[in-house]
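Enquirer: Heads up: the sequence lines are chains A and B, in that order. So the first sequence is numbered by the numbering used here: it starts at 1 and just counts up by one. So the second sequence is numbered by the numbering used here: it starts at 1 and just counts up by one.
It is worth saying that the hints were derived from the structure and are not from the lab. All residues carry an ideal CB built from backbone N, CA and C; glycine is no exception. Check the hints yourself; a few may be wrong.
[Claimed, not checked] Each computed BS3-like pair below joins lysine-lysine, with the alpha-carbon atoms no more than 25 Å apart:
#1 B/Lys39 x A/Lys272
#2 A/Lys133 x A/Lys9
#3 A/Lys67 x B/Lys46
#4 A/Lys21 x B/Lys39
#5 A/Lys21 x B/Lys101
#6 B/Lys29 x A/Lys83
#7 A/Lys234 x B/Lys29
#8 A/Lys236 x B/Lys39
#9 A/Lys236 x A/Lys189
#10 A/Lys236 x B/Lys29
#11 B/Lys46 x A/Lys21
#12 A/Lys189 x B/Lys46
[Claimed, not checked] To be clear about the criterion: a stretch of chain A counts as covered by chain B if any three or more of its residues have a C-beta under 8 Å from a C-beta of chain B, and this derived list gives those stretches:
#13 11 to 21
#14 45 to 55
#15 338 to 352
#16 362 to 374
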Amino acid sequence: MSQETETLKAAREELDRRYNKIVGVASSNLCTHCGWCVDQCHYYLATKDPTITPVAKAERVRRVYKKHHDWMSRVFPSWTGAKELTEQELDDWVEVAYRNCTLCDRCMANCPLAVDTAQILLAARGVLLAAGKAPEMLVQLADAALAREENLDFFREFYLEQLKELEVEVQDRLGSDKARIPVDVEGAKMLYVPLSGAHTITPASTVFNAVGESWTISMFEAANYATYLGDIPKAKRIAERILREAERLRVQEIVITECGHAYHTMRWEAPKWFGGPLPFRVRSILEVLDEYVRTGRLHLNPSANPEPVTLHDSCNLGRKGGLFEEPRRVVRAAVEDFREMTPNRERAFCCGAGSGLVAMPEWEDMRLKAGEPKAEQVRATGARTVIASCDNCRHQLTELSEHYELHTQVIGLSELVVQALVPR
Amino acid sequence: MEENALLRFAELDLQIIALSVFGILYAIKAWTMARLPLKWENAPAKGSPAAGVLYSYAATVAPWMMSSATQHWTRWLEFGLYHIGAGLAILATFTLPFAPKMMEPAAVRYFFSFFVGLAFIVGAIRLYRRFSDPTLRVVSTPDDYFSLAAVEVFFFLMIMTLLVRSDGWRIAYFLVTAAFLFYVPFSKISHYVYWFFARVLMGVKYGRRGVMPQVGGQR
Chain A
1 MSQETETLKA AREELDRRYN KIVGVASSNL CTHCGWCVDQ CHYYLATKDP
51 TITPVAKAER VRRVYKKHHD WMSRVFPSWT GAKELTEQEL DDWVEVAYRN
101 CTLCDRCMAN CPLAVDTAQI LLAARGVLLA AGKAPEMLVQ LADAALAREE
151 NLDFFREFYL EQLKELEVEV QDRLGSDKAR IPVDVEGAKM LYVPLSGAHT
201 ITPASTVFNA VGESWTISMF EAANYATYLG DIPKAKRIAE RILREAERLR
251 VQEIVITECG HAYHTMRWEA PKWFGGPLPF RVRSILEVLD EYVRTGRLHL
301 NPSANPEPVT LHDSCNLGRK GGLFEEPRRV VRAAVEDFRE MTPNRERAFC
351 CGAGSGLVAM PEWEDMRLKA GEPKAEQVRA TGARTVIASC DNCRHQLTEL
401 SEHYELHTQV IGLSELVVQA LVPR
Chain B
1 MEENALLRFA ELDLQIIALS VFGILYAIKA WTMARLPLKW ENAPAKGSPA
51 AGVLYSYAAT VAPWMMSSAT QHWTRWLEFG LYHIGAGLAI LATFTLPFAP
101 KMMEPAAVRY FFSFFVGLAF IVGAIRLYRR FSDPTLRVVS TPDDYFSLAA
151 VEVFFFLMIM TLLVRSDGWR IAYFLVTAAF LFYVPFSKIS HYVYWFFARV
201 LMGVKYGRRG VMPQVGGQR
């Protein structure tokens, strides 16, 4: 069997495996090609390229599905534009599914028929993975998460050293040498899962110490790049590391740091993979901060943040995660001048870097271009600070600020809270 | 076959045959979709899946619920008029043969003709847009053009049947209706079958996650 045939065979098998109710409905005649989604997509708004609209992107994959599942397309493929899957088609899908879509869901939310374009393109990502055509960088990042568990002893020593250094920063900020970044505390109330950067550890640790929280920090990072690949088995294994740790430490809940996809994955997707609700409550740190503010455990001084501040709704936290008012309540308590972007909440535009795009330097030009609508939204607020509670968004918004000369700083919600913290 | 016999065949026997085929094909479509696997949302709910589904359906007829409709309210109006017209034209295929007295008053005939006429105009606009707008042209297939044109013919014949009231127009209308019923399950016009599924899937997801119904302040 030739290499090409093997690749196509693997791709076709995966295409069939992905044909579930959501993909089946979305790749059927549900889409009437009405075009309502066209200017709801940040890619089209930025490029005006008619081949990068949600309907055009989904159609590339839909036509292949139709060839196998639609009555008319099987008999008269040219009548419906149906196509057979080819090596060339797969090569084209790499850009269609990875470069030209951030799976932000905005098109579906604004589609009169509710066509789930993101799920079609996620299926295409899975097919590309099976065909060995997924971006290598994303595969490596997913593998790195698993490697950390496999070599935990090596990482552990290095990590603990880092945490000790960060602990000193927390102590300095709070003026208390009792502040700790606790590790492996059995029976702690919450397991906080950060990312690898200090910016997701120090501010949260400062807040937890300030309110006297019962917590322990995870040995693992929250990122789960396998979800971007549509690689469910691997994504499940990455999530399992944290679940096992939470089980071992007998915590009551898992709190995910300011990371959009990590929260979306653990809160909403992982229960589907594991066949039911997880044995722990899963919350985003945004919800925890909101609870602290609402219950008066956290006292904030808005005058510490007098400059205008705006908030970016990450797609994974907002439109796909349901967290809209939680960060807003915290921001309002922490700043003097909060300015909403327009549109916002479930209507917010993607920053342009979601779904792993930020990790792929070869597509930087498109990423920055696709971020243009968001950059203009930020500019229109006149804000000097943008709150972004997703690491990918934060990275992108920082680059957008430079690229489009927005003169804004981009920080996380925890950092904003620390700036406004009133010591007890 | 005499004209009266042909009319009787076209508006009764043929319709019953066409509707039966149509119904069977739709039932197969719905059954095929329903048996596809799906991992439903099962994380502890933040909102209400039922409220999400209701909201999801309501959003179609409430332009303020979707920015695609809010930004382009004329397009939403076209969408509404087109589907009202389509609904009335379909209704007439039943009322004309089965409840002829209901269609006798001039006011009723003008009412149907007016709205189907508006839908006909919208259809023409849509057809023009499909040819002229590059974002639509790039995704359009022969089925897209044919379906739009076929609906235009259907609308036109329905109006003529009601206004001119000759057996010729009426026979043509019912022959086209039957042909239409045979074609629809194979074309994109069958979108409304899937629409019921799609709205439930979206409503359950967004409802459970607390995204729908919308809460909070101005967007």
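Enquirer: Work down the list of hints and note, for each, if the structure agrees.
Expert: Going through the hints against the structure:
1. Among the hinted pairs, lysine 39 of chain B with lysine 272 of chain A is consistent with the structure: their alpha-carbon atoms are about 6 Å apart, no more than 25 Å.
2. Restraint check: the Cα-Cα separation between lysine 133 of chain A and lysine 9 of chain A comes to about 14 Å, which is no more than 25 Å; the hinted pair holds.
3. For the given pair, lysine 67 of chain A sits about 39 Å from lysine 46 of chain B by alpha-carbon distance, which is inconsistent with the 25 Å threshold.
4. Simply put, lysine 21 of chain A and lysine 39 of chain B have alpha-carbon atoms about 9 Å apart, close enough for the 25 Å limit, and the pair holds.
5. Of the supplied pair hints, the one linking lysine 21 of chain A and lysine 101 of chain B is violated, its CA atoms being roughly 44 Å apart against a limit of 25 Å.
6. Taking the CA atoms of lysine 29 of chain B and lysine 83 of chain A, the gap is about 21 Å. The hint holds against a cut of 25 Å.
7. Pair hint lysine 234 of chain A plus lysine 29 of chain B does not hold up; C-alpha atoms about 34 Å apart against a cutoff of 25 Å.
8. Distance hint between lysine 236 of chain A and lysine 39 of chain B is fulfilled; the C-alpha atoms sit about 15 Å from each other, no more than 25 Å.
9. For the hint pairing lysine 236 of chain A with lysine 189 of chain A, the CA-to-CA distance comes to about 24 Å; that is within 25 Å, so the pair holds.
10. Using a Cα cut-off of 25 Å, the hinted pair lysine 236 of chain A and lysine 29 of chain B is violated, with the two alpha carbons roughly 33 Å apart.
11. A C-alpha spacing of about 23 Å is found between lysine 46 of chain B and lysine 21 of chain A, which places the hinted pair at or below 25 Å, so the restraint holds.
12. A C-alpha spacing of about 21 Å is found between lysine 189 of chain A and lysine 46 of chain B, which places the hinted pair at or below 25 Å, so the restraint holds.
13. A count of 3 residues in the stretch 11 to 21 of chain A with a Cβ less than 8 Å from any Cβ of chain B is obtained; the coverage claim is therefore met, three being the minimum.
14. Residues of the stretch 45 to 55 of chain A with a Cβ under 8 Å from some Cβ of chain B number 4, which satisfies the need for three, so the listed coverage holds.
15. Under the rule that three or more residues need a Cβ within less than 8 Å of chain B, the assignment of the stretch 338 to 352 of chain A holds, with 7 such residues.
16. Check on the stretch 362 to 374 of chain A: 0 of its residues sit with their Cβ under 8 Å from a Cβ of chain B, so the three-residue criterion for coverage is violated.
Comparing the model with each earlier hint shows violations of hints 3, 5, 7, 10 and 16; every other hint is respected.
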